[in-house]
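Asks: Go ahead and model the full structure; you've got the sequences and the hints to work with.
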Amino acid sequence: GAGVSQSPRYKVAKRGQDVALRCDPISGHVSLFWYQQALGQGPEFLTYFQNEAQLDKSGLPSDRFFAERPEGSVSTLKIQRTQQEDSAVYLCASSQVNLDNQPQHFGDGTRLSIL
Amino acid sequence: DAKTTQPNSMESNEEEPVHLPCNHSTISGTDYIHWYRQLPSQGPEYVIHGLTSNVNNRMASLAIAEDRKSSTLILHRATLRDAAVYYCIPHSLSSSGSARQLTFGSGTQLTVLP
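So the protein sequences, as listed, match chains A and B. As numbered in my numbering, residues 349 to 463 make up the first sequence, in order. As numbered in my numbering, residues 699 to 812 make up the second sequence, in order.
Hints listed in this document are in silico derivations from the structure and should not be mistaken for laboratory results. A couple of the hints might just be wrong.
Residues of chain A placed beyond 12 Å of chain B at every Cβ, according to the derived structure [said to hold, decoys possible]:
hint, residue
1, R357
2, S406
3, S461
Part of the chain B face toward chain A, derived, beta carbon under 10 Å [what the hints assert, rightly or not]:
hint, residue
4, N711
5, P715
6, Y730
7, S739
8, G741
9, P742
10, E743
11, Y744
12, Y785
13, H789
14, S790
15, T801
16, F802
C-beta atoms are modelled at their ideal positions from N, C-alpha and C, and glycine is treated no differently.
Replies: Spelled out as structure tokens, the structure:
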């Protein structure tokens, strides 16, 4: 009965470096979301996958952000040439097929700090 | 998405009931009302959701106004572990029936006093 798992839990990178954040959703969950949460604010949507298809990436703040879910399970969020404003907690959530408003299950996030 | 208004913060004494209000006057007819909470250093956690009728589960109760323009999350007996930010989120599926992202506001910071 494992929940959504995210790694690493904490990541420190120097400005300009590339980072990759991993999300292991609940087994069998079709939908996968990435959110970004700045300090003191609510999470904000980044992108959404249904199986391996990225159906919505309207929340990605720039083309430096890239997400993939090649086999419809594990997902990776990659940020290239990181900037200080990228410092935030990155949350992953998964849910079953949304036939009747199934809740989203969140991981505990990756706290990214850009120096 | 419907706009929500929640108090920034609330306090409660341990073992007493807590009523967390939310105004969502622009809610659409197909929006469910979801409540999530976020404990410190954790991801948000689903609490409860409903459409029109009041709902109960093991965590909380949700009372929805008849006109659906407001709702109240009820914790029947607050514990120290209930200290968290509580988010009220009107939410529906997309027109194609697929999942949609949650739109979080600022939420209500609940402090539980021992």
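Asks: Each hint needs a verdict: does it hold in this structure or not?
Replies: Checked hints:
no. : hint : verdict
1   : R357 : 10 Å, violated
2   : S406 : 9 Å, violated
3   : S461 : 14 Å, holds
4   : N711 : 26 Å, violated
5   : P715 : 24 Å, violated
6   : Y730 : 5 Å, holds
7   : S739 : 7 Å, holds
8   : G741 : 3 Å, holds
9   : P742 : 5 Å, holds
10  : E743 : 7 Å, holds
11  : Y744 : 4 Å, holds
12  : Y785 : 6 Å, holds
13  : H789 : 7 Å, holds
14  : S790 : 7 Å, holds
15  : T801 : 7 Å, holds
16  : F802 : 3 Å, holds
Of the numbered hints given earlier, the model fails hints 1, 2, 4 and 5; all others are met.
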